[in-house]
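A.B. asks: Sequence:
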Amino acid sequence: MKNKVLIGNGQGFWGDSILGPIRLLREGPLDYLTLDYLAEVTMSIMQKLRQRDPKAGYATDFVTLIDRVLPELLEKDVRVVANAGGVNPHACKDALLEVCRKHGAKGVRIAVVDGDDILPNLDDLIGGGEEFKNLDTGAPLADVRSRVTSANAYLGAFPIAEALNAGAQIVVTGRGTDPGLVLGPLIHEFNWGQEDWHKLAAGTVAGHIVECGAQCTGGNFTDWQSISNLSMVGYPVLEVESSGDFCVTKHEGTGGLVSVETVTHQLAYEMGDPARYLTPDVIADFTSFRLSQEGENRVRVSDTRGLPATETYKVSMSYSDGWKSVGQLTISGPDALAKARLCAKIVWDRLAYDGCQYEPQERLEEYVGAGECHAGLPGGTSEDPPEVVLRLGVKGPDKAKVMRFGPELVPLVTSGPPGVTGFAGGRPKAQEIIGYWPALMNKQLIQPTVTVVTS
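Quick note, this note's numbering runs 331 ahead of the 1-based positions in the sequence shown.
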């Protein structure tokens, strides 16, 4: 058993820079590279992609990354854990096998962790007594059941550890907890058990700190002017000990900053009750541990405490919640703001004339450049800006009515006030609105599965 494990997280979301993981691999030592691609709405997007193409539904960026770095991964013996499988992890695995064939890489062991997708069994689960009440509102799932497009339970880290125990060099999962990507390798390396609550809690805290990539190494930091070389910001590296204590750092010579402040900045992200951070593996107490600056770009986290996990999984569901359409115009001065307000009135008046009256809660009306982003802050408003970006939008259950909005923007170039100088993105079309439905379910009703294949 190792005394210390090095884990770098190179992806905070689907769309994060591909250079993050590439540089983590090249700029310093690593044992594991973790990659977090999933957010709640991402699962619904992937489900739609899979409906159109049975081979889609996963993060294609991940396959592109592995194609670029596979020889280096194998040469350096760095193992990869990613939730890039989305709603179709086996299709992701098949694409990775094709990458291995392209590089002539034989004997690469790829594992798939799935079992999180409960959409096909949703009605049976409801019939068996699972209520899936909305955690925010208490409403019954029956209110939106016919419109549900995806339903995935957040699986824990132990199936990832099982895959690594089986020798997997690349582990692909569907929906699981973000910190579980880090906790899984730690369970594997240090042989932590389900009752090692304090250690599991420490691994969960570690995973939470790095799950958004560079957001803990100076990215999106309030004191941004103190951060050097954000162009080449160093993505985070964890140095984790068997006790669960760990250091947050980054590769030497990279940009950014690792300080108690940057780490604390990330710790507050997506936080409910800090004393009871719930995961499938453990309840972590985010008020228990100590942060200390151990050295330049090194923050030590120690003495984390945990409690036994609950008997439920959190379930993330998405459902169709109507339609929206949003477009924008750039309007130049003089009197740019007054002209933009007139443009908005013209659009609403013309739509009402054609029978498309929108209530205020169904309309978006923003004047970017005139204090819209931080309305009410001292010095944050302007009554005479040199230009204004007018953003208008509508939403509602009737797609045809929403579609009627888009054609009324472009005519303002010739039938509105002067100064309508910019129209970008083409005529806006109706886009489906995806609603989010969080719920709980009995853990005993889901059996995660691990499949390992060899290239």
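Treat the hints as calculated values from the structure; they're not laboratory data. Heads up, a few of these hints could be off.
Here are the simulated BS3-like pairs of lysine-lysine, each with C-alpha atoms no more than 30 angstroms apart in a straight line [said to hold, decoys possible]:
id, residue 1, residue 2
1, Lys386, Lys732
2, Lys386, Lys676
3, Lys774, Lys386
4, Lys335, Lys407
5, Lys655, Lys645
6, Lys676, Lys655
7, Lys676, Lys379
Ranges between beta-carbon positions, derived for each pair [claimed, not checked]:
id, residue 1, residue 2, range
8, Asn773, Gly469, 14 to 22 angstroms
9, Ser559, Val699, 55 to 63 angstroms
10, Gln762, Ser559, 35 to 43 angstroms
11, Pro738, Arg636, 45 to 53 angstroms
12, Leu466, Lys333, 37 to 45 angstroms
13, Glu429, Thr745, 46 to 54 angstroms
Owing to the predicted nature of the structure, the values given are computational and were not obtained by experimental measurement. Just so you know, even glycine gets a beta-carbon here, dropped at the ideal spot from N, CA and C.
A.B. asks: Give a verdict on every hint.
C.D. replies: A quick look at each hint next to the structure:
Between lysine 386 and lysine 732 the alpha-carbon distance is near 34 angstroms, which puts this suggested pair outside the 30 angstroms criterion. Distance check on the hinted pair: lysine 386 and lysine 676 sit about 46 angstroms apart at the alpha-carbon level, beyond 30 angstroms; violated. Taking the CA atoms of lysine 774 and lysine 386, the gap is near 29 angstroms; set against the 30 angstroms cutoff, the hint holds. Only pairs whose Cα atoms come within 30 angstroms are accepted, and lysine 335 paired with lysine 407 is accepted, the gap being roughly 17 angstroms.
Distance hint between lysine 655 and lysine 645 is fulfilled; the C-alpha atoms sit about 29 angstroms from each other, no more than 30 angstroms. This hinted pair checks out: lysine 676 and lysine 655 have alpha carbons roughly 19 angstroms apart, not beyond 30 angstroms. Distance hint between lysine 676 and lysine 379 is unfulfilled; the C-alpha atoms sit about 36 angstroms from each other, more than 30 angstroms. Checked against the given bound of 14 to 22 angstroms, the beta carbons of asparagine 773 and glycine 469, roughly 18 angstroms apart, stay inside it.
A hinted range of 55 to 63 angstroms for the beta carbons of serine 559 and valine 699 is inconsistent with their spacing of about 30 angstroms. Under the hint 35 to 43 angstroms, the C-beta atoms of glutamine 762 and serine 559, about 40 angstroms apart, fit the expected range. For proline 738 paired with arginine 636, a C-beta distance near 60 angstroms fails the hint of 45 to 53 angstroms. Between leucine 466 and lysine 333 the Cβ separation comes to about 39 angstroms, which falls inside the hinted range of 37 to 45 angstroms.
Between glutamate 429 and threonine 745 the CB atoms are about 52 angstroms apart, so this pair conforms to the stated range of 46 to 54 angstroms.
Going down the numbered hints, you'll see the structure goes against 1, 2, 7, 9, 11, while the others check out.
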